[in-house]
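Number of protein chains: 2
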Amino acid sequence: MTEAAGTGVDLSGLRELNSLTVMRALRDNSPATVTELSQRTGLSRPAADVIAQSLVAGGWATVIEPGSSSTVGRPARRYRFRSTAGHVIGLDIGVHKVLLLLTDLSGEVVHSERRTVSADAEPEQRLAALDDVIRESLAATGLSASEIWAVTAGVSGPVDATGRTRLFTPIPGWADVDLAAHLARTFGCPVVVENDCKLAALAERWKGAASDASDVVYLLAGMRIGAGLIIDGVLRRGHGGAAGEIGALKNVRWLAAPSHLENCPGVPESVSADDAAAWVFDAARRGDKNAKTAVTKYVKDLAVGAAALVLTLDPQVVIYGGGFSRSADIVLEPLHRELARLCLRVPELRASTLGADSVALGAVRLALNELDNRLFNSTLSSPSAPRGNAVS
Amino acid sequence: MTEAAGTGVDLSGLRELNSLTVMRALRDNSPATVTELSQRTGLSRPAADVIAQSLVAGGWATVIEPGSSSTVGRPARRYRFRSTAGHVIGLDIGVHKVLLLLTDLSGEVVHSERRTVSADAEPEQRLAALDDVIRESLAATGLSASEIWAVTAGVSGPVDATGRTRLFTPIPGWADVDLAAHLARTFGCPVVVENDCKLAALAERWKGAASDASDVVYLLAGMRIGAGLIIDGVLRRGHGGAAGEIGALKNVRWLAAPSHLENCPGVPESVSADDAAAWVFDAARRGDKNAKTAVTKYVKDLAVGAAALVLTLDPQVVIYGGGFSRSADIVLEPLHRELARLCLRVPELRASTLGADSVALGAVRLALNELDNRLFNSTLSSPSAPRGNAVS
Chain E
1 MTEAAGTGVD LSGLRELNSL TVMRALRDNS PATVTELSQR TGLSRPAADV IAQSLVAGGW
61 ATVIEPGSSS TVGRPARRYR FRSTAGHVIG LDIGVHKVLL LLTDLSGEVV HSERRTVSAD
121 AEPEQRLAAL DDVIRESLAA TGLSASEIWA VTAGVSGPVD ATGRTRLFTP IPGWADVDLA
181 AHLARTFGCP VVVENDCKLA ALAERWKGAA SDASDVVYLL AGMRIGAGLI IDGVLRRGHG
241 GAAGEIGALK NVRWLAAPSH LENCPGVPES VSADDAAAWV FDAARRGDKN AKTAVTKYVK
301 DLAVGAAALV LTLDPQVVIY GGGFSRSADI VLEPLHRELA RLCLRVPELR ASTLGADSVA
361 LGAVRLALNE LDNRLFNSTL SSPSAPRGNA VS
Chain A
1 MTEAAGTGVD LSGLRELNSL TVMRALRDNS PATVTELSQR TGLSRPAADV IAQSLVAGGW
61 ATVIEPGSSS TVGRPARRYR FRSTAGHVIG LDIGVHKVLL LLTDLSGEVV HSERRTVSAD
121 AEPEQRLAAL DDVIRESLAA TGLSASEIWA VTAGVSGPVD ATGRTRLFTP IPGWADVDLA
181 AHLARTFGCP VVVENDCKLA ALAERWKGAA SDASDVVYLL AGMRIGAGLI IDGVLRRGHG
241 GAAGEIGALK NVRWLAAPSH LENCPGVPES VSADDAAAWV FDAARRGDKN AKTAVTKYVK
301 DLAVGAAALV LTLDPQVVIY GGGFSRSADI VLEPLHRELA RLCLRVPELR ASTLGADSVA
361 LGAVRLALNE LDNRLFNSTL SSPSAPRGNA VS
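First to last, the sequence lines map onto chains E and A. Everything in the first sequence is counted per full-length UniProt numbering, starting at 1 for the first residue and increasing by one. Everything in the second sequence is counted per full-length UniProt numbering, starting at 1 for the first residue and increasing by one.
Just chain E, with the same shape it has in the complex:
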């Protein structure tokens, strides 16, 4: 007899498998009666009944007693997955900010916390801001660090197997930062570090503009342009974690593309370099000639790298995301025209629907995936087995 630490649920052998099956059937669907659980899982009604009760005892499920609205027959109690049994954290550690999303097991955001960080801040300042948003978020939700079951952090640049960005990072001094180790000082749960573009792609596939597509090229467009790739429904990291880094090739012009906006004639001196692009997009909307030319040049260069990705992968959908995705109204149509000129087959082109939260949301999704692997992959031992937080 084994018992997953603290769950109160007997998880030996077949019984374990059946418990997980019922748990999954509850989690991925609406609340269910024992009869419905039996139908969903193929287990006998008595077996489903016993397991549902043990899941309640273990803190994984709650009971919904039948209300007075039931009019026919004997009303049955229903069971609901207790998505607040545990929580995960998704982090976006960008050049200009640190953003934290704390969610329950269904991915519902319980708390979010953001700090602006200077682009040239040293790693220590950035890590201090990170520690700050973590501390604030735990305090605000009344959770302890040990009640967080998985943490994923997004950073710019290709992420290697150790969670470092040694090949390239736009953040000063960050190449040698061991972010996973830093977070492990606070959290006992598994910590994963992943590239920001890849996480944003995952988020759009989860609950954004790509939720119906299996082959997706995601463009993270801003003062730097990056890409995340979903192929056959799976996020692709590449052999060394560097998939999607087409921007490093000068010939595809992604390094040059944003400079057309930055260097557009007519940007007032009062507008900071960081805000110049937004000003240019606005001016172009108003019909400013210089701004319209700058946007055209930006789109032409953006399209070359996008075409390289499209010609390589032949995706169903290209998502235009990142900070510049607010300019989708004036970018998408000319971008589509350029892709039609450069590519053999033009995929659908869509604007991101998740905006500035996409990287942190993708981090949440990856944290939930990691947790799922621990929960539902019965061939894995569970060195840090999920715990219910309301268990006797």
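Since the hints were made in silico from the structure, they are not lab data. From a predicted model like this one, the values you see are computed outputs, not experimental measurements. Heads up, a few of these hints could be off.
Computed list of lysine to any residue pairs in SDA-like fashion (alpha-carbon distance at most 25 Å, straight line) [claimed, not checked]:
id: 1; chain 1: E; residue 1: K97; chain 2: E; residue 2: S44
id: 2; chain 1: A; residue 1: K250; chain 2: E; residue 2: K97
id: 3; chain 1: E; residue 1: K250; chain 2: A; residue 2: L342
id: 4; chain 1: E; residue 1: K250; chain 2: E; residue 2: T293
Derived list of chain E stretches under chain A, where covered just means 3 residues or more per stretch with a C-beta under 8 Å from a C-beta of chain A [as the list claims (entries may be wrong)]:
id: 5; stretch: 123-133
id: 6; stretch: 205-211
id: 7; stretch: 233-245
id: 8; stretch: 309-323
With the Cβ distance kept under 7 Å, some of the chain E side facing chain A (calculated, not the full set) [claimed, not checked]:
id: 9; residue: G163
id: 10; residue: L167
id: 11; residue: D215
id: 12; residue: V304
Ideal Cβ placement from N, Cα and C applies to all residues, glycine included.
Given the structure of chain E, go ahead and fit chain A onto it with the hints provided.
For chain A alone, kept in the frame of chain E given last:
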């Protein structure tokens, strides 16, 4: 009770599944005794015994009687998969040739047949050469068209869902040729048409230079350059069959690369345009200055497109294949140097080991895969169920 047409094997329900399990265990391994089959499959010894005998009766297996070399205990008979129970055909329909490989179910080449075709031949001439190699191959092996269980043909250009190359083809008049329909006039089995680069990639992964790699970029290098992609062990077609077509993007310079060889000063007038590249590679080996410069320029341009693929996918291995792969001795080293300059992470670079047969071999592999899907995917009905050819 159902019976797969002509197999003589009862394939209903569990019995069917167990028969397929034993067949697969036999096919993918060396000959086995009933005891070994029981161990390989987890079936009881008596069950494995009955199934092995029914596979022999159905023509799927043969018996190897114990030889006199057995010295200890009672020698046991062994069963061997009868790989000659069926045959498949792989075709390479190129600009300059038609090549046919006829193999047994283990992929052993039983017969090969090749015809040279002029680059500007009309589709009718090409199809006539195709019909010719098919007729010759069947005559030479004594097989009838109905004894071929699967046919796959490789062609240049991205192949759409109908087996046509409407987006692009280098073969005059080929865009509207319905090759699958043409082959279906001869063969009753399923016919698949696929892009040549993709098939060559599959072949290298099957029994060539990429057999140990799951993430592979394959370069088909010749007077045209193409690419085939294997990601996570699976050949990727893209949403519309046009994955790998990076060469269509002018910025990556694949359209220009071979022209450096073609236009190299010093190529004798007696050398035809088709043979110019081979002459230049040879001259470069001999130290000819113009030839060395031409090869350097060729490699520099080849590397840009290769870098676009590498930066997009971050593969484990890049394979240099196709007609120009005979120049690997003078191309690989400078190509590696260029990739190191252009890419964030440089994959291993290897020369193809399959040479001119790679496309046809890949076609054989895809035909065998298609056959496997029919044989072993019990959720599919089998409209054209494989037949044993030695069945009562």
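Status of each hint after checking the structure:
1. E:K97 with E:S44: Measuring from Cα to Cα gives roughly 52 Å; hence the hint is violated.
2. A:K250 with E:K97: violated (38 Å)
3. E:K250 with A:L342: OK: K250 of chain E and L342 of chain A at ~8 Å, within 25 Å.
4. E:K250 with E:T293: holds (22 Å)
5. 123-133: violated (count 0)
6. 205-211: Coverage by chain A is violated here, the residue count being 0 at a Cβ distance below 8 Å.
7. 233-245: With 11 residues closer than 8 Å to chain A, the stretch 233-245 of chain E meets the three-residue bar; holds.
8. 309-323: Satisfied; 7 residues make the cut.
9. G163: violated (16 Å)
10. L167: This hint holds: L167 of chain E lies near chain A, its Cβ roughly 5 Å from the closest one there, short of 7 Å.
11. D215: holds (5 Å)
12. V304: holds (5 Å)
Checked against the numbered hints given earlier, this structure breaks hints 1, 2, 5, 6 and 9; the rest are met.
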